[in-house]
Amino acid sequence: MSTSQESVLPAARLVDGVKTYGSGDAAVTALDNVSVDFQPARFTAIMGPSGSGKSTLMHCIAGLDSLTSGDAYIGETRLGDLKDRKLTELRRTEVGFIFQAFNLVPTLTAEENIVLPLMLGGRKGDREWIDNVIDTVGLRDRLTHRPSELSGGQQQRVAVARALASRPTIIFADEPTGNLDSNSGSEVLAFMRRAVDEFGQSIVMVTHDASAASNAHRVLFLNDGHIVHDMSDPTADRILDTMKSIGS
Amino acid sequence: MLRLALKGARANLGRLILTLLSVVLGVAFVSGSFVLADSLRSIFDQVSEDAFAGVDAQVRAVGNDLNSSNAEVPRFSDEYISSIADLPEAKYAEGGIFAFERAYTVDANGEVVRPTGPPVFTGSWSGPSPVSSFRIIDGEAPVGQQVAIDPIQAERGGFTVGEPVTVSLPSGELETYTLSGTIDFGEGGTGGAFFILFDLPTTQHVLELEGLVDSIVVAAADGVSPETLVAAIAPVLPDDLEAVTGAVVIGEQKEDFGTFINIFGNILLGFAIVVLFVSTFIINNTFATLVGQRTRQYGLMRSIGASGKQIMQMVFLEAGAVGFAASGIGLVGGFGVAAGLKKLFSTAGGEFPEGPLEIRLRTLIVVVVVGMGVSLASAVVPALRAARVAPLEAFRTGGQPVRPLKVRIAFGSAVLIPGIALLCWGMFGDPGGTSATLSAIGFGGALTFIGVSMLSAMFAGAVASVIGAPVARLRGVTGQIAQGNARRNPKRTSSTVTALMIGLALISGVAVLTRSILDSFDEFLSESISADLFVFESNQNLEFSGALVDKLQTLPEVDQVAGFSPLEVRVDGDQVRATGFDSVTGTSVVNMGITEGTAAIGTKGLAVLDTTATELGLNLGDTVTVEFEDGFTTDLTIQGIFDDRSVIDADWLFDRGLTREHRITDAITFAGITFTPGTDPAVARAAVERVTGSFPQLAVQDNTEFKQQAEDQIAQLQIVISGLLVLCLVVAFFGIVNTMVLSVLERTREIGLLRAVGMTRRQLQSSVRWEAAIISVFGALLGVVLGVILGWASVIAISDSFISKTGIPWGQLVTFVIVGGILGVVAAWFPARRAARLDVLEAISTD
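As you go down the protein sequences, you meet chains A and B in turn.
For the first sequence, the positions run 1 to 248 when the numbering used here is used.
For the second sequence, the positions run 1001 to 1847 when the numbering used here is used.
No wet-lab data here; the hints were simulated from the structure.
None of the hints are false.
Here are the computed lysine to aspartate or glutamate pairs in the EDC-like style, where the Cα-Cα straight-line distance is at most 20 Å:
{"hint": "1", "chain 1": "A", "residue 1": "86", "chain 2": "B", "residue 2": "1839"}
{"hint": "2", "chain 1": "B", "residue 1": "1707", "chain 2": "B", "residue 2": "1649"}
{"hint": "3", "chain 1": "A", "residue 1": "83", "chain 2": "B", "residue 2": "1839"}
{"hint": "4", "chain 1": "A", "residue 1": "83", "chain 2": "B", "residue 2": "1842"}
{"hint": "5", "chain 1": "B", "residue 1": "1551", "chain 2": "B", "residue 2": "1661"}
{"hint": "6", "chain 1": "B", "residue 1": "1604", "chain 2": "B", "residue 2": "1572"}
{"hint": "7", "chain 1": "A", "residue 1": "124", "chain 2": "A", "residue 2": "112"}
Computed from a prediction, not measured in an experiment: that's the story for all the values here.
Here chain A stands alone, though its shape is the one from the complex (with noise of 0.2 Å):
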């Protein structure tokens, strides 16, 4: 299914990854021996139906959530080794995330949402590049505003650009534009492959909208804590096709 070329470093990748939350009668198992590649310079869209473990598989990429079992890397890191201390920074040099809402820190500006997770690590970033993001996601003249004097839409294109200011291995989107309308939803979207196409960024976004996935280069579908689908090339219909086989 996948092509993956040996010689090329996954930008993250999961190893027979298994998560149980609670344990004895109660326990659920989110995510069931789970294995897959995130290859560099590539947009995946994780798709699945509500408790399918799509944000679960996401948040032990991440480095939010811990497995059960199994191994989780980014670039060649293995995340079960690092104390919270290096995790934490491997999230603010390695890793970009942008969440459905409440994405910026309320009491800063834009700018300064932009540039945080630097400045969390006492850096000043390549300010040539992050001038290039700025730009690209088209936020020149909203830099000294503050998260409540911007739409939706900015809110988030300001937080792909913080994604990407500090050009992370890989940027994880969990639902990126559930909160957006659906003009200023494609316009993140767009952004967001364009990171892809244009400067070789990594993306990874859990979505359950199909049009949404469709903008992505591979689409997995999750259900039961299984990877039960993995599309390349996706358009909508065909993802809708496979969630309602999913489904039913």
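Got chain A sorted already, so can you dock chain B onto it with the hints?
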């Protein structure tokens, strides 16, 4: 509804406990004030009754009701003892005389035996009798060349019953007596004071008061009532003596103690009220935030049928539960406070007699009413707001809309303006009477603080930005986030720091007042005193032998000596405040403030205060009739008029050459000395100290030492007052912890986000702590500024010759601000840790 409210309370237990603690502190202090005052009252009532237990009648000079602090009371001839004892209505009569700090025992090494703090009492005792309150512990009562002392003094001095004891007399001479026994007073305990007792003739000799007594105490013959006894004694006495029953004396004494205890209790109560007042802000802030957070919950309850009134009742029930619990704990805590204060004052030297702590029903009621009242009153506004929550609020998502400040500003101004007006009226105006003045200042101050607290929300954000700017610059993004959060919710910032602001405002106000007093005193000293050395009794400014002046005058190292002696004289028939001084040398040692005529009034003249002269219509050269203590009456001419720049606090001045002749004892309270020009001050001082060496009670100080001593005393007072006010800071501390916990909780999601994008735990903690530091520094600055204004206003209000200028203790004020910041950092320790421990994923998925 009750169960719902209690559930609400349980769900927010931690927060309510902090709130509870802040109320408990105030309540405990209130309860402690009452408990301590009540206990002291009982103890001193008992002491009074013990002291005069067998006394049926007392004979004394008219106007001497025993409350004279230095016991330099009008004395009278002991010839009346026998005439009273001879009355058939009297079973027994005994004359007594006593004085403080006149005679001392001297140990084998020649060192005077003195307690530190409490005084040394010298008095007469005829041995156990129906009217005596001294008890023999060991040995016998003193007769003739014998002395009895308390056991502690005996132990300290190494004196044994039957062995000789050296006694240093008021004149500085030493005499040897035999220790007849050891004694103690009443039901035991001497309050730390030392006692030296002789029989009456020996005491009169020792005190240089031959033939005189302070009072005569009489026991009635069997079957004779005290009233009958008093009536029988009266005809024996001249006009200036009176006889009263033992009950009257006990009543007077109880009243004297009672007045002192009331003042003491009221001062404590005042501090308690300040602490309670401060805690209302914490309660109010907690409930306001809780109500804000529960808006959705209230909306839901409203939408399923709860009425606004029911919601309001829930908030009140919760507040009532807090108040009730706080009252209970505070009541018990009051015992601790009372015991602690008793101990504190004991270590400070003012030992209280032993006795149980007692709680009266009144205390119980007051404490519950106050605890509940404070809690409920602080919850009024939040409860009303809760009642107004619309059912629709249940469906609103996201945070609470920030209410505009307009209402707050209007309210704040409406409270501040009358507050300031009332405060000014109390300070500068004349509300009539002390309690009216204090009420005006108290209420005015409270309103002013509430007003400032409300209005400070206007600029809390801006000021927090400015204070936070260096933090943001130095600490990078953590500082920047701290700064942003500190200015985020100005209303909360301002109510959080109100307790800190009030506490530090009062402490700084006291500091400014203290510095002003010291600066004024400094100025006064340098302007008014030209003496190189002063001599005075170091304990309570009691009298000492005037013979010292003559001895000092003979020293070649000494140029001028002037002694000052308080007088009991009548001018044209009226008792006046008068001082005798060496008029030839007086002006060379102190500023007498002479405006007309001369200070050298001589034995045929006198000087009068300008305002007194005006009042009586007297001028230079006029003659007045003066009657001295011994009855000597003469006409004296006004030779000088002085004003209030004079160091001497009296309306009339006489020459000591005249007054020493007509006082019963030649005693002075102060002597000033100038050195012979060209003499080495150290040598001169050593010579003076050789002379004063035989007067252990005397202190010899120069200007600098005198100033230092005054400074130390005032500083000590400042420490005591500030120490009590520090309780406000403790309350403030709870308040900051509370707010920071709430803020962290409210920002859970934001914290999750920050952690997700790479903020380490340490950075997060640091950012929370800096936030608290910025908020606290804001409160501290506000407090210090208010304190300076208050202190400055007080200086103007009190202004007389005593406080002539305003001094700003910059160092202390800066320290207060730093302390405020540190307080914030420490308060944020727990909330910061809690924030750092949040699970990233859980935090980020919170609503």
